[in-house]
Structure formats: structure tokens, C-alpha cells
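The residues making up each chain are set out below.
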Amino acid sequence: MRVHLDAEKCQGHNRCYALAPELFDVDDYGQAVLIGDGDVPDGLEDKARLAASNCPEYAISITD
Amino acid sequence: MTDTVENKQTAPEPIIGPSPEGTELWEREPYDAEDYGEVADYRTDFDHAWPGYNPNAPEVWKELRESGCPVAHTDRYGGMWAPITHDTVHEVAYDTDNFTSRSVVVSTLRPGELSLPAPIGVAPPISSDPPFHGVARRLLLPPFAPKKIAPWEPEVHALCQRLLDQMGDIEPGETVVDAALQYAQHIPVNIIGRMLGFPEEDEDLFREFVHNTLERINQDPRERQVDDEKRLDLYIERQVQDHIENPRDDLTSYLLEAEIDGNKLQPEHVTGSIILLLIAGIDTTWSAIGSSLWHLAQNPDDLDRLVNEPELMDFAIEEFLRAYAPVTMARLVAKDNDFHGCPMKKDDWVLLPFPAANRDPKQFEDSDKFVIDREENRHAAFGLGIHRCLGSNLARLELRVAVQEFIARFPKFELAGDTRWSVGQIRGPRELPVRILETA
Ligand code: SF4
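Taken in sequence, the protein lines are chains V and A. Numbered according to my numbering, the first sequence spans residues 1 to 64. Numbered according to my numbering, the second sequence spans residues 1 to 440.
Honestly, the hints are just simulated from the structure, not real lab data. Check the hints yourself; a few may be wrong.
Here are the simulated DSS-like pairs of lysine-lysine, each with C-alpha atoms no more than 30 Å apart in a straight line [claimed, not checked]:
| # | chain 1 | residue 1 | chain 2 | residue 2 |
| --- | --- | --- | --- | --- |
| 1 | A | Lys335 | V | Lys47 |
| 2 | A | Lys148 | V | Lys47 |
| 3 | A | Lys62 | A | Lys148 |
| 4 | V | Lys9 | A | Lys362 |
| 5 | A | Lys264 | A | Lys62 |
| 6 | V | Lys9 | A | Lys412 |
| 7 | V | Lys9 | A | Lys335 |
| 8 | V | Lys9 | A | Lys345 |
| 9 | A | Lys147 | V | Lys47 |
| 10 | A | Lys369 | V | Lys47 |
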């Protein structure tokens, strides 16, 4: 599973960082950044899905 | 019939187009709130500041949706539109070409060219449009980023505990406290005042500023006279002066030292941003805390679950924010446009009721139901698009800690009388008597 972040769409709601801090970090401006290259480690699939389905700006997407 | 047509023809031409040159505030059509009175049909006469609106807003939205009216209208305020579905609210929030943020609080008067040194706007960045908006916003983002806000958590806990202590002796089953007046209202005002570096004893004054700005919208601003010592602009001038003489580690000094392209901010930018920070975070978070406690007071099952399953808290907070979002924003139409068949004219008001969007069944399953562990929750409580609430991390922290501390102290409580709701764009309980049934 891979997780993608569209930095253009991200408005820094920080839902992803709150729900899946293993996958997302925030920069000094409160904008989301991916930890690593977007490959979702085993066991974190649910958290990735949770982050994606709680982003109000639809900035996160998931591919297999 | 003929009469009406003739009357319409002789009615004064509304001013359409830019505000009359050199005006600070202007009125498109002479407006008198008294002429309107009770709202009979929200589809054609929508008024968010009608006192009956906030207490019953979810029913109003439901009725509008079910009658197939995604965008309501009214002649009040010189003409205002109110999109109420998630799609239409989303569309307006994203379309900064057709909708300007010059003024985000609907009032009888519109800001004119003089009161509004474009492109800054009266309270940047909330009142700014791109491209200046991005610059002003980027400046304010760092102090409100999650990692800068997190260290305030112990302070918020201590404050909430102090407020609970101040309620005095509690006799379970007997004692009634006002969760809005004795608790919720004190939390955001204390924290933002301290972040700005203003004296703690001025809290009552801040709340009055907010009230004047947000609740008295049916009064002509020129008539909202207040004494000098209660004038927000003069107060902030004094605080700014004090910070110029004694710089310290707070938001006011941060703004005074900040630079855009190597230049210090213009004085009106500093003052405007302080006004924004002071006004924006107070009524809003107070409302969110109050509404959440109002819900728990009436839903003992949810209260029980929250007390016994603290791991639900983060989901519950988002659900409180969805179901009881406090903030409705507004825009002015920037140029004539056809919006889903609505002929919007330049300088019409457009309301942005994010709380209504949050109840749209097309966007949320069981949208009118409070689901304490709702898994998918893309709510718009903090807005959508470039104006996402700058203080959302602080607001979330205050809301979560306020609920945690209240239910830790009072694991059982119920409504004990009438809730009084706010009037205007910020929706939440202003008086919330609850009877304490159990203390920890
Ligand atoms: S939840 Fe969405 S908008 Fe918010 S920080 Fe994450 S990616 Fe950005």
C-alpha cells in the first residue's frame, strides 16, 4: 500500500498527523509532510486509510 | 398587483458597483432590521441573526434541503445568499475569484475603500484575498502550528481545573452550575490573552469587544458607540505601544518584529492581525465547548462512554466539531455571477454556513445523528480551502482539555433549565445551566 499527499490541496488541518503520526509529520507552518517515501509499513494500513478518510481537503490518497 | 409593480419602479436604485469613493462604510440599500421582523420562510428570507435561527439551525437546514433549496436568499442586509449544502459551501469557499473575503461578518453596512486599505483588509489574513492572503497567512502559521501549540496543554488543564475549583462546594443532585458562563467562556479568552501578552485582568473587556463585533450586527456600526476605554482599537494601540517599549516573547512582539520581504509590517497590519486573533478565537471556541457539554448533558449514554472509554475522545471531539460547528463565515460577491441558477450581483453577501455543510446527508452518513466514534469525518468546522482556521490546533486543544476536565470532575450531569443561544454567525450556548449529578 502507498499513501500520497497532494501538498497543493493540503491546508494544514492536521487530521493526518493526529491520526497517523507514524506516516505523517507537520512542518513549521503546520503543513503535512510524508514520513518516508509513502510506502505504508505492514500493520499501518488502517491508519493510512483513517488519515485519508478524515482529510477535509481530500489531499490524501491511497493506492495498492 | 399593479401597485406593487409601480412601487418597485419608483424604489431607489440600489448602488451596484464599487463602494462610493472615499467612504469608510457604505450601505447599498437603506436597511432597517425593524422592517423585517420574524422570518416566515427561510428559503426566501433567510436570516442567521434572527433569534430563532441558532437554537433551531439544524431543523432549518434540514427543511431547506428537503424542500430542494440548496441556496437560500434574503433581501435583508441589502441582499444575501445562503448556500446550505456541502457542495455549494465548498464551491464558494474555494472560489476566491468570484467571492471576496473583504468582509467576513455580515452586517448592515459594507466596508468601503477607506476602511479597507486593500489588499490587506481590516483583519489580515481572514479579510485578505490572494495573493496578499498567502503572505499574511504564512506569517501567522508558525506560532499556531501543532508543535507550538502542544506546550500549552498543561496550561489549559490548570486553567480548567481552576475554573472547576472556583465553582465551590458541589452537592450532587442539587448544585446547578452554568457551564457556559462559569466555565466555557473563560477558557479561550484566558489563553489567547496570554499568548498575545495582554494583562489577564482585561478578560471581561475582550469579551465585550467580541460581543460588539459579532452579535450586534443588526445595529448600524456608526451607532454602536462605546466608551473610549472600551474601544478595541484604542486598547490595542496601548498594548502595542507597551510592547514596543518592552518587547517580550509573545504574539504581539512576534508581529511587531515580523517582516515581509525585509520590511516590518504596516501598523494597521499588526493591529488588524491582533484584532483577528483576539476576536476569532474567543466566541468560537467558547461555543464549541458549550455545545459539546450541552450535548453530553442530554445524552447520558454518550457521556458514560466518554468517561469510561477515554480512547474515544479524539473521535468524539471531531464529532462535536462536525455536529455543532460554531462558525459560519461570509463573503461578498466580487463580480456578477450565476451560481447554480442564482443571479448573484457584485456586493451581495454570501453566507458560508460550514455547520450546515457538516449536516449534509450527501456528505455524511446519518448526518443528523451524533456518532461518538464516527470513523470517516471530513467535517468543515474549521472551514475549507485557503482560509482554514489558523487557530484550529489551539481550538482543538482547548475543546478536548475542557471536555476532559469537566467530565473527569463531573461524570454525570444534566440540563437544568433553559439554554440561551448566541445570536449571529457564531453558534453556541451563552447560558447553559446544568445540574451536577455525580462528582469524581
Ligand atoms: S489532513 Fe489533509 S489538509 Fe490536513 S494536514 Fe493532513 S493532508 Fe493536510
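If you check each hint against the structure, which ones fail?
-> Of the numbered hints, 1, 3, 5, 6 do not hold.
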